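A.B. asks: Single-letter residue listing:
4 protein chains.
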Amino acid sequence: MSDKVSVAVLGATGMIGQRFVEMLEGHPYFDIEGLYASERSAGKRFGDTLKVRDYTYRQETLDRRIEVMDLDRIAKHCRLAFSGIPTELAGPTETELAQKGVAVFTNAGAHRMDAHVPIIVPEVNCAQLVSVKDQDTYASGGYIVTNANCASTGIVVPLCALRNAFGLKEVFVSTYQAISGAGYPGVPSLDIVGNVIPFIGHEEEKMESELAKMLGTYSAGGFHPADFKVMANCARVPVVDGHTESLVLALRDSPSLEEVAKVLADYRGEPQQLRLPSAPEQPVIVRTEPNRPQPAFDVMAGSPARARGMATTVGRIRQSNGYYKMFALSHNTLRGGAGGSMMNAEYAYRKNLL
Amino acid sequence: MSDKVSVAVLGATGMIGQRFVEMLEGHPYFDIEGLYASERSAGKRFGDTLKVRDYTYRQETLDRRIEVMDLDRIAKHCRLAFSGIPTELAGPTETELAQKGVAVFTNAGAHRMDAHVPIIVPEVNCAQLVSVKDQDTYASGGYIVTNANCASTGIVVPLCALRNAFGLKEVFVSTYQAISGAGYPGVPSLDIVGNVIPFIGHEEEKMESELAKMLGTYSAGGFHPADFKVMANCARVPVVDGHTESLVLALRDSPSLEEVAKVLADYRGEPQQLRLPSAPEQPVIVRTEPNRPQPAFDVMAGSPARARGMATTVGRIRQSNGYYKMFALSHNTLRGGAGGSMMNAEYAYRKNLL
Amino acid sequence: MSDKVSVAVLGATGMIGQRFVEMLEGHPYFDIEGLYASERSAGKRFGDTLKVRDYTYRQETLDRRIEVMDLDRIAKHCRLAFSGIPTELAGPTETELAQKGVAVFTNAGAHRMDAHVPIIVPEVNCAQLVSVKDQDTYASGGYIVTNANCASTGIVVPLCALRNAFGLKEVFVSTYQAISGAGYPGVPSLDIVGNVIPFIGHEEEKMESELAKMLGTYSAGGFHPADFKVMANCARVPVVDGHTESLVLALRDSPSLEEVAKVLADYRGEPQQLRLPSAPEQPVIVRTEPNRPQPAFDVMAGSPARARGMATTVGRIRQSNGYYKMFALSHNTLRGGAGGSMMNAEYAYRKNLL
Amino acid sequence: MSDKVSVAVLGATGMIGQRFVEMLEGHPYFDIEGLYASERSAGKRFGDTLKVRDYTYRQETLDRRIEVMDLDRIAKHCRLAFSGIPTELAGPTETELAQKGVAVFTNAGAHRMDAHVPIIVPEVNCAQLVSVKDQDTYASGGYIVTNANCASTGIVVPLCALRNAFGLKEVFVSTYQAISGAGYPGVPSLDIVGNVIPFIGHEEEKMESELAKMLGTYSAGGFHPADFKVMANCARVPVVDGHTESLVLALRDSPSLEEVAKVLADYRGEPQQLRLPSAPEQPVIVRTEPNRPQPAFDVMAGSPARARGMATTVGRIRQSNGYYKMFALSHNTLRGGAGGSMMNAEYAYRKNLL
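Protein chains in written order, with numbering that gives the first Met the number 0: chain G, 0 to 353; chain R, 0 to 353; chain Z, 0 to 353; chain F, 0 to 353.
Because the hints were derived from the structure by calculation, they are not lab data. Computed from a predicted structure; not experimentally measured. A few of these clues could be false.
If several chains are the same, the list does not tell them apart, and a pair holds so long as it fits within one copy or across any two.
List of simulated lysine-lysine pairs, DSSO-like, C-alpha gap at most 30 angstroms [unchecked claim]:
# : residue 1 : residue 2
1 : Lys-43    : Lys-261
2 : Lys-261   : Lys-75
3 : Lys-168   : Lys-43
4 : Lys-43    : Lys-350
5 : Lys-168   : Lys-3
6 : Lys-43    : Lys-3
7 : Lys-261   : Lys-228
With the rest of the complex left out, here is chain G (with noise of 0.2 angstroms):
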């Protein structure tokens, strides 16, 4: 019998939930107990479902059956449920989830802006973990974690570099958001096919706060957001995976081209330290080919095997007016989805909070 942490996987059949299940094929720590999803897929084959392209599951775990969300259940044989429920359903089911003793690790957006619910991002801020003890549920053992929205993700790993290093004053950011990030049916084709919508609905605004929560503090009880300016464009082009961004940055100091790729190349995070199974040996992969990164090459940027997608790649560093310009690249469903939860909960894991 396993002594690993059993758990469940709510939304299975959802894209995001379907990436849990493929980081939870021979995960060392966690087993998964169950795939749960709506009444609508409640008895499907998990193969009969697939929104994942290319996919790598077992022949046992495409055999397994879908079973609807008993919570009662859940919480009687998980220690822990990875939610890929979407946002705008999600938020009372986590809630009564964490009441009843579980540990909620969660991609979906309901809870992120929660008074005691963090935003973690493992290389970036994990020390604001500890806020989950002061959330109500916590006694029971039961709280929730939240990863940041897929396009705040694909940069704040490089942002916190430099931030640490250089200061950051503020950020221009347009994204190249691929269609994965919608869920699924999510984009209709009709809509993307050969077109860019210049429109997600809240992820600006998303952006704006949750990258100045994460790159914040947690003390006496709340957080203190992060002082640098995010303005924010936000759109959708036809890539199946992988955000794109394009960054403007105004530092603080002058730092030449050199330092910052430096800074960005050499940045380890307490995941790599900790040798976190999906954490990237390598957070930060700067490109210095003149026409990278890009979806098709970089997406499954990442080593060793079990962090392939977990790794940021920026590429194109360079200066003009005195600004710093950039893009980089992640995986959104992966860094920027389950991937995110997925080392949020090994991290956890790690701390004895499970």
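With the hints as your guide, set chains R, Z and F onto chain G.
C.D. replies: Chains R, Z and F in isolation, oriented as in the chain G frame:
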């Protein structure tokens, strides 16, 4: 016999050349004398070289033969040449034609930064057309007028309107550029299907220098660039026609969003007063829907019929931390290509420079 | 006051409904009385529900309000209803309208195989329109006429021409169908970007039954299907508009390829003789270039202007082992959708059935 | 020192060449001696010439330098050359290498129809490999073995299985071919984004001749083609990797659909018995879902790990008018390209021909 001006189309088998031909169908001022291209294409039927999708060429145009670029012949028969020649080949050919007394209106970038060659967008800077009189070849009737690169053209009219009304300090622009901008064969499909390429050779530098030249002045025999700053990030996306651009602007004044929208929508230039055939009645169309402009809906904006694809569409006007944010879209091979030079020639015609 | 026929557009917010609206702009026979859709859309501005790319609606059309589907009101004010309602909802609504005395011209499949409901492509089988006189509701002026599914429509005119001239034994057809054929929201982008889906529900069965019904006869109160065999493979590809179809045909005779091409190009039907507004002068256009037809170039084939997108383009006519091979292309939401019913209604108008 | 066979990769900067390199990483029989290409690429770092998306090359492979094609050097150092040279350039180079004693395994079509050059798909016709002994150069150890064009390879294994079991009379095939099949730069993006191109030069002819050659026999010094008929329609679609093909088959017997599926799924060839490194355990995978195979899900089918992309996936097995219908999918640059020649070389190695 027609008393229209007889014109040559150079590079008539390319993406821009074919847009010139399209805009010349039934043109009130100009008559096609010949379609010219390199030896490789000479003798081919125009209709067998099509690059423009869903074309509206007349049958007799489709049946025309491509002729080899004989500059003496062109000079003998044509007062004007529209040039869609690739930039790297265009320089000497255009110079020679000007020396032979031909007025050259070109999309190529070869001469754009020359001392007395203007980059004209007539709604913005038709006053600079006077610079052609300082070109060496002007006495013989020959001169060169360029249109701007397609990404600059896509935003220069709204930038001009806002600069005039409110002052302009900084422009942060990220582009979502269409594949037709690279000409034909241009971008290999393996590079762009399902991908974003965050690099377009020399495009960012062009945007920074050409925008300043266009929004500057010409006096005492020289150009004097405008003094706002441009920070550009250029990328290619899998869209056929239409450059979308995200803008964050620092203005000198602090207009309301309504004032910004009104200034853009009300802007008119000399082409509108002169009712040039290719001039859109409203050069900047402001959309109020939450998710516009989009290439799929707005790329052909502009009326009357001859001005289709000649208007710039602006939408999502917002404010953030004191900056103004918006998206702009314009057709890169019409407004930002052949249509630009077409309107320049129409303006020159009306100003008796032809 | 207009003496045009007053018409309702049902399902006006959908892909087909919006094509009906587009074709009704300035129509010589028909006047839009109202745009109708489900309660969810009622009250919306038509221009805020756009599905048709690069539209050419008039401003007053964009500003019209969507009304809820009130059948009594429609019956009171409209002689005719164009129906773009989804097939699964269309059946009872269309029946009820016919019972109330309205002539229903529908793109929905609900009634296509009914005993006295014809599937009309006027170049092919306008003689079958007589079947409406056997519908129960005909005495009151109400009846139902359908157009075929889009994939059948795309090849039925060339098949008819070849059957008439040379006899037709077997049709092997594989389709490359556009995403607009699935309506809106229709195909999720995650399913089709960079992909092929080799399945379209019921489409192959429809092609086999509808082609036989259309190319058959109506007599003695019943339809008698034609006796050739159809073997269909249907697939979806990432194209916005335009169904491409590969054909291998077994003919009874052994014409030369030139004879095949001539029969196709010379084919004319009653719509051409009557000069119906939406009828293309040449219903089948034969291309001789080596790589046509293509959606990018040929989807809008058809002249005069009102008949754009109404011609079928055929190319690559070849022979192999005694079989005839070719590719055909037609616009799936114009010729194969709204345009089909539009021409049917025009025909009925000219035959005094309205 | 390795006792593996030392191999050259010719055309290593192209799409197929780079797949050869990918498959050679850690190969149990073969060691890369050098990566060769034209003078234009000589000296470049392999990693700067990438065509294969989401690659898995080792760092030392990315850092290798491309060398110019020096046939004497290759002949001196390599027993075997994998050729990804474009067909129009490959002929003389491959002949000369064979004359110099090198065993050439090539994806190029130049020699496929030569008198003693076999087109091998080892699950189908490894018996034909004996033909190399009749090549003039064989005495010196040099010979040429080709793999089939990618569209034929995609269906030849299922066709062989069905022919063996039930007899095969006619094959009606329509292809949905990926852009990587045209190499790099290959298909211009302007030609294929949102489009279908119903023409691939010589592909239909190749399918008809190569399938007959492969499923035929070699005896008495000559090839004897199989006698079934192939009617092919070939088209390009906007998919990166993976040729989908629709099939309608006339068989001699009348098996049930279950028997057809079983024969396909149970088929094994000599590569499976020999457990060749690149041989998939199950060469034809039969899917029972209603909408498979799809490039997005099935292009990398095949196990174990070295055989990813080497299995053919078949689905939607149906019957219509006595014909059998199905869709097949295989990876065009792995199974249908580099992987084909790789498995041929593995087979030759095990048969002591190297």
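A.B. asks: Look at each hint and say if it fits the structure.
C.D. replies: Structure-based check of all given hints:
1. Lys-43 / Lys-261: between (49 angstroms within a copy, 25 angstroms between copies)
2. Lys-261 / Lys-75: Intra 48 angstroms, inter 44 angstroms, cutoff 30 angstroms: neither.
3. Lys-168 / Lys-43: neither (50 angstroms within a copy, 40 angstroms between copies)
4. Lys-43 / Lys-350: neither (36 angstroms within a copy, 47 angstroms between copies)
5. Lys-168 / Lys-3: So Lys-168 and Lys-3 fail the 30 angstroms test inside a copy (44 angstroms) and across (57 angstroms) alike.
6. Lys-43 / Lys-3: within (26 angstroms within a copy, 48 angstroms between copies)
7. Lys-261 / Lys-228: Classified as both; 24 angstroms inside a copy, 28 angstroms across copies.
Hints 2, 3, 4 and 5, counting from the list given before, are not met by this structure.
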